[in-house]
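Chain residues, written in single-letter form:
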Amino acid sequence: MRFIGLLVGVGFLALPGHAAFAGEVSVAVAANFTKPAEEIGKAFTAMTGDTVVFSFGATGLLYAQISQAAPFEVFLSADNKRPAQAVADGLGVEGTVFTYAVGKVVLYSPSIDVTDGEGVLKAGAFQHIAIADPKTAPYGKAGLEVVGKLGLTDAITAKLVTGENISQTLQFVESGNSEIGFVALSQVTGKPATRVWTVPAEDYSPILQDAVLLKTGEDDPAAKAFMAFLKGPEATDIIRTFGYELAQ
Amino acid sequence: MLSLSEIAAPVALSLTLALVVTALLIVIATPIAWWLCRSKWAGKEAVAAIVALPLVLPPTVLGFYLLIALGPNGPGGAIASLWGSRTLAFSFEGLVFGSILYSLPFMVQPLRNAFEAMGDEPIEAAQTLGASGTQTFFRVAMPLARGGYMAGAVLSFAHTVGEFGVVLMIGGNIPGETKVLSIAIYDYVERGEWGRAHVLAAGMVVFAFVVVTAVMMIERRVGNR
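For the record, the sequence lines run as chains A and B.
Note that our numbering has the first sequence beginning at 127, numbered continuously upward.
Note that our numbering has the second sequence beginning at 65, numbered continuously upward.
Chain B on its own, in the form it takes in the complex (with noise of 0.2 Å):
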């Protein structure tokens, strides 16, 4: 049937993809979401529905101009001339830019609730105790807004690991460096191997499962309060 190391590259790959993107969205969308929860500029709505575009746009149209901004006529490749690649495509650190992208609505919306949730309260009272701002985020909002962190990372991580349409346009399909679960089971399917690709997607349904589980107890626990 499937060996071991024939399933332990894809899953591996997977896993990391989804670790390293869900660690980057929790310092990249805090920001974001703390800012738009904050902010009384009238244009803020327009940038949350620039952030929530990946949320409606199929994959494929995200991953198609991916594919273009990575190569070597877009911003992706002056970054990647920086270690003296032509593109950014084909490679583990294009696909974390591109499911950083793809993922973002995913960790800045439930971010944003839970800033919204606790209201301007505690925040006039840390202030009023003389908290200074930083002291204010990291100490006060932050803690009080851990159901969101821990509902976004959950649904970011999972989003990550099923994502499809985008690795398969920027990916290239290398072993070890871009061929994550999806794109395997895919693969199997396609050559007809479609025994081992029920095993690999089992695993994912199972996967699934368990996310979903957690997500909801864990709004359970810490959302409401």
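Chain A with its partners taken away, still in its complex shape (with noise of 0.2 Å):
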């Protein structure tokens, strides 16, 4: 009795689950991308049965990753540089690279209301302005714009805080260190109204956030299929959500 009971059991094993058949993408993410990303994840595993394995950081540094060999198949970058140099130095895919969203700014205080935002960066009644790297990250070299546009880049300097990517940008105006911040539309959706303005798009150079499949998953046809689901219906739809616009 027990004998068969064993059988039937090592039989369910042995059963070819979903999973056995199932792909796997590596996916590294610009960190302000990541709340969409995950959201896109979901609806490409229900679609397709493939799991995606996400990695979420600032866009410089998984780069540096990738240049070493880092195991990614598909790069969704916060800039367009890095996709075309990903294509240049041979470690993505010519022809694969497409804007896959389009940023905004916008800044962001849990304390100071900011509907009139350039009438508080202009009274300049804060300690402390949080803003990501601008040299690495388009989020915070648009930051940097909209203010020199204000014409207040001398009393804005001395009182920036640089996070080494968009999201330990949030973390210090999160935490209460800095009272305001510029930082991506994507990591606030949800915030009152009052906490967030929406930098007017003629104020900074426009943030292409472009994608690349790399070499890593030229063959791999669930990468291939993640690409393509990133520019389908669905996930253009959570990426809209998310605050991002598409590129034209």
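The set of hints was computed from the structure by calculation and includes no laboratory data.
Bear in mind the structure is a predicted one, so any value in this text is a computation, not a measurement.
For each residue, glycine too, the CB sits at the ideal point set by N, CA and C.
Misleading hints may appear alongside valid ones.
As the list claims (entries may be wrong) - Below 30 Å or equal to it, Euclidean Cα-Cα: the simulated DSBU-like pairs (lysine-lysine) are:
| hint | chain 1 | residue 1 | chain 2 | residue 2 |
| --- | --- | --- | --- | --- |
| 1 | B | 243 | A | 230 |
| 2 | A | 357 | A | 161 |
| 3 | A | 357 | A | 261 |
| 4 | A | 285 | A | 230 |
| 5 | A | 261 | B | 243 |
| 6 | A | 285 | A | 161 |
| 7 | A | 350 | A | 230 |
| 8 | A | 230 | A | 357 |
| 9 | A | 275 | A | 341 |
| 10 | B | 243 | A | 207 |
| 11 | A | 168 | A | 285 |
| 12 | B | 243 | A | 275 |
| 13 | A | 285 | B | 108 |
| 14 | B | 108 | A | 248 |
Unchecked claim - With the Cβ distance kept under 10 Å, some of the chain A side facing chain B (calculated, not the full set):
| hint | residue |
| --- | --- |
| 15 | 179 |
| 16 | 187 |
| 17 | 193 |
| 18 | 196 |
| 19 | 197 |
| 20 | 290 |
| 21 | 297 |
Dock the two chains into a complex; use the hints.
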């Protein structure tokens, strides 16, 4: 009797589960796209059964790792420079680069009313303003451009606190150490309107976030399926709900 | 390549931070180490374990809780408000405070070992000869423990120069204020300026080598007597 039970149990184990035939895609994602990426990953898995393994981080650091043969198959950058560089450096597959989202930068403060964001910046009634490293994060660069356009560069520079990536920039603001900061709209969806000031698009160069298929994933059908899914209607709907725009 | 002015600021900042922290640690760790050595209280090893926590905790954990503690909702904010600031984070003072916590066991443990190694005899002899508690400590115990002081100072200094995780969490990367050497190297790597990162890192490797050699030589000469 027990023997039969054991046979049945082993039989269940031996049955090829759905997962046995499913693929796995390894995707490196810029920190600002964390929340939408997770949603897209879930939708992708629901549709195809393939699992997505995400690694979130600063674009610059992710690229450094990719250049040292990190096993990522797809790279979702925060800018359009890095994917182009990947192709030029022989790390990315030519012809696979496309803009998956256009970023929107916002001014966020949990304590100051920023409905009139320009006015708040001009008044300068804060000790610290957090920004992502402008040399590596396009959201940081955009923040500096906005400040420059308002003629406040000198006034603001003394109060600037630089986050290693856009997630850390948000941490500085959320923990109260910095009263205010420039972050990505997708990071603060759901916050009250008085806490978030959407910067007018004409005040900064567009943040074109490009994706590229890396050589590691060139022959992986799951990786190619993910890239195609990212362009599709389900993914673009998710991307829009998080406050990004799509490339025209 | 790297201009001198580019290197000068983070190097000077790291060295200044390490010197200040080491000096403060000598003052702070001495009573702790002395108490841990001499106390007969049953709970003293629990205190020793708490002091040793930064040895085991990932620096990012320490940095994370420091970020909260240094902020306007924590004790750091209260201290900072004495000079009109909202937070201790993003400042040299904040780094000093964080580094003291981070490097505390590196000063307390060598000191405690040195105090324990001298045994009770010198203390008892001094007291028999009529020395007061203060005299006994400063003129008998401290000189006898100088191996521990040297080892602790060198280790704390080096540990503070190498600090990264904690500074990354609470520093804010402000040039001339919180952008220390380890952060500068990390920045160069992230920007793809690897040549500069190599130069700075090579300097740190040489420095680390000198430190380790110094500690070993000191321990040989002064430690085992």
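The hints, checked one at a time:
1. B:243 <-> A:230: Between residue 243 of chain B and residue 230 of chain A the Cα gap is close to 29 Å, so the pair holds against 30 Å.
2. A:357 <-> A:161: 17 Å, holds
3. A:357 <-> A:261: 28 Å, holds
4. A:285 <-> A:230: 23 Å, holds
5. A:261 <-> B:243: Measuring from Cα to Cα gives roughly 15 Å; hence the hint holds.
6. A:285 <-> A:161: Satisfied, since the Cα-Cα distance of roughly 29 Å is no more than 30 Å.
7. A:350 <-> A:230: Answer holds: residue 350 of chain A to residue 230 of chain A is near 27 Å, not above 30 Å.
8. A:230 <-> A:357: With a Cα-Cα distance of about 19 Å, the restraint between residue 230 of chain A and residue 357 of chain A holds, given a limit of 30 Å.
9. A:275 <-> A:341: 40 Å, violated
10. B:243 <-> A:207: 26 Å, holds
11. A:168 <-> A:285: Distance of about 40 Å is beyond 30 Å: violated.
12. B:243 <-> A:275: 27 Å, holds
13. A:285 <-> B:108: 44 Å, violated
14. B:108 <-> A:248: 55 Å, violated
15. 179: Violated. Min distance 22 Å.
16. 187: Interface hint status for residue 187 of chain A: holds (5 Å vs cutoff 10 Å).
17. 193: 8 Å, holds
18. 196: 14 Å, violated
19. 197: Not OK, violated: residue 197 of chain A not within 10 Å of chain B, min 19 Å.
20. 290: 6 Å, holds
21. 297: Since the shortest Cβ distance to chain B is 7 Å, the answer is holds.
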